[in-house]
Amino acid sequence: MRAAVVVFPGSNCDLDTHYVLKDLLRIETELLWYRETDLKDYDLIVLPGGFAYGDYLRAGAIARFAPVVQALVEYVERGRGLVLGICNGFQILTEAGLLPGALAPNLGRKFLCKTVKLRVENAYTPLTRLCREGELIELPIAHGEGRYVAPPETLAKLKSNRQILFTYHGENPNGSLESIAGIMDETGTVFGMMPHPERNCERLLGTGDGLKLLQGMVEEVLA
Amino acid sequence: MKEFVVRVLVEPKPELLDPQGQAVERALKELGLTTVSQTRVGKLIKFKLKAVSAQHARERVTEIAQKFLANPVIERYSVELEEL
Chain A
1 MRAAVVVFPG
11 SNCDLDTHYV
21 LKDLLRIETE
31 LLWYRETDLK
41 DYDLIVLPGG
51 FAYGDYLRAG
61 AIARFAPVVQ
71 ALVEYVERGR
81 GLVLGICNGF
91 QILTEAGLLP
101 GALAPNLGRK
111 FLCKTVKLRV
121 ENAYTPLTRL
131 CREGELIELP
141 IAHGEGRYVA
151 PPETLAKLKS
161 NRQILFTYHG
171 ENPNGSLESI
181 AGIMDETGTV
191 FGMMPHPERN
201 CERLLGTGDG
211 LKLLQGMVEE
221 VLA
Chain B
224 MKEFVVRVLV
234 EPKPELLDPQ
244 GQAVERALKE
254 LGLTTVSQTR
264 VGKLIKFKLK
274 AVSAQHARER
284 VTEIAQKFLA
294 NPVIERYSVE
304 LEEL
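Chains as they are written, first to last, in the numbering used here: chain A, 1 to 223; chain B, 224 to 307.
Hints listed in this document are in silico derivations from the structure and should not be mistaken for laboratory results. Yeah, the Cβ is synthetic: ideal placement off N, Cα and C, and Gly gets one too. Any given hint could be a false lead.
[Said to hold, decoys possible] Straight-line distance between alpha carbons at most 20 angstroms, and here's what the computed EDC-like set of lysine to aspartate or glutamate pairs gives: (1) A/Lys40 with A/Glu220; (2) B/Lys266 with A/Asp55; (3) B/Lys266 with A/Glu145; (4) B/Lys269 with A/Asp55.
[Unchecked claim] Which chain A residues stay away from chain B? Per the calculated CB distances, all over 10 angstroms, these: (5) Lys114; (6) Asn122; (7) Ala142; (8) Glu202; (9) Glu220.
Put together the whole structure using the sequences plus the hints.
This is the structure we're talking about:
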């Protein structure tokens, strides 16, 4: 199995994600520059957090036209492997049309940087297969544009297809529609979440809850 | 070739809560503009464009605005052209 973590100008947590995949989960993992277009060797591709292109215009708006994202559209169409967008990666995937809905500025107008509780809404997906349905996990968030919004027909589809993976538990920090924190696409191969699993993969950094999400993706590929 | 000044105005869709607009509106009221309502904060993207005709320019810009300058899930836009 081979994994790639995409690096845009302005990415962050790319090295953390690389560390988790390579050193904690022992998967061959490469950092992939955003100009790359050859993705066929990878079974799992992660778009990390950060502020690609400075979030100019809208978060993810310019990054979605980067060569690697154009190649990613074809990668998804062919069903080559799994894709995970974390935070800015989630924003890029929605801008690229690979995930439904959009991420608008936080309702409270502030950039949020804190640990939140999440409820696992669907435990039968590659990302959540090591979680229990309804389980509460803790992950950090760090975003200014994390308010998930979608038109009513999209929300209805997300619900009927069980594409909602995580919701904020207790407080809804950014005003997201129905407290949505993470979703997947219809094919169950593209995943997006605002919280950062890679920042909580070891006991030293908290509960370590993020590890089982990335481990789930890896186990899905190896299964 | 003609040359145009293009202004693309992007604003949050009416159904989307605009916290920035709300904050600006509160300040406008405090500054004495008490009858203000429905304040929205958007973006102006302005550039010069050479094109064979106004119609051609408008078509190209509209296509790009739809795809790139605005996110149709959360924003709406309008295109203004001014021939130089």
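Hints, one by one, checked against the model:
1. A/Lys40 with A/Glu220: It holds: about 18 angstroms lies between the C-alpha atoms, which stays within 20 angstroms.
2. B/Lys266 with A/Asp55: Roughly 14 angstroms between the alpha carbons, so the hint for B/Lys266 and A/Asp55 holds.
3. B/Lys266 with A/Glu145: Holds: B/Lys266 and A/Glu145 sit about 16 angstroms apart, inside 20 angstroms.
4. B/Lys269 with A/Asp55: holds (18 angstroms)
5. Lys114: holds (18 angstroms)
6. Asn122: Holds: least Cβ distance 22 angstroms, greater than 10 angstroms.
7. Ala142: holds (19 angstroms)
8. Glu202: holds (35 angstroms)
9. Glu220: Non-interface label on A/Glu220 holds, nearest chain B Cβ at 29 angstroms vs cutoff 10 angstroms.
In summary, this structure violates none of the numbered hints.
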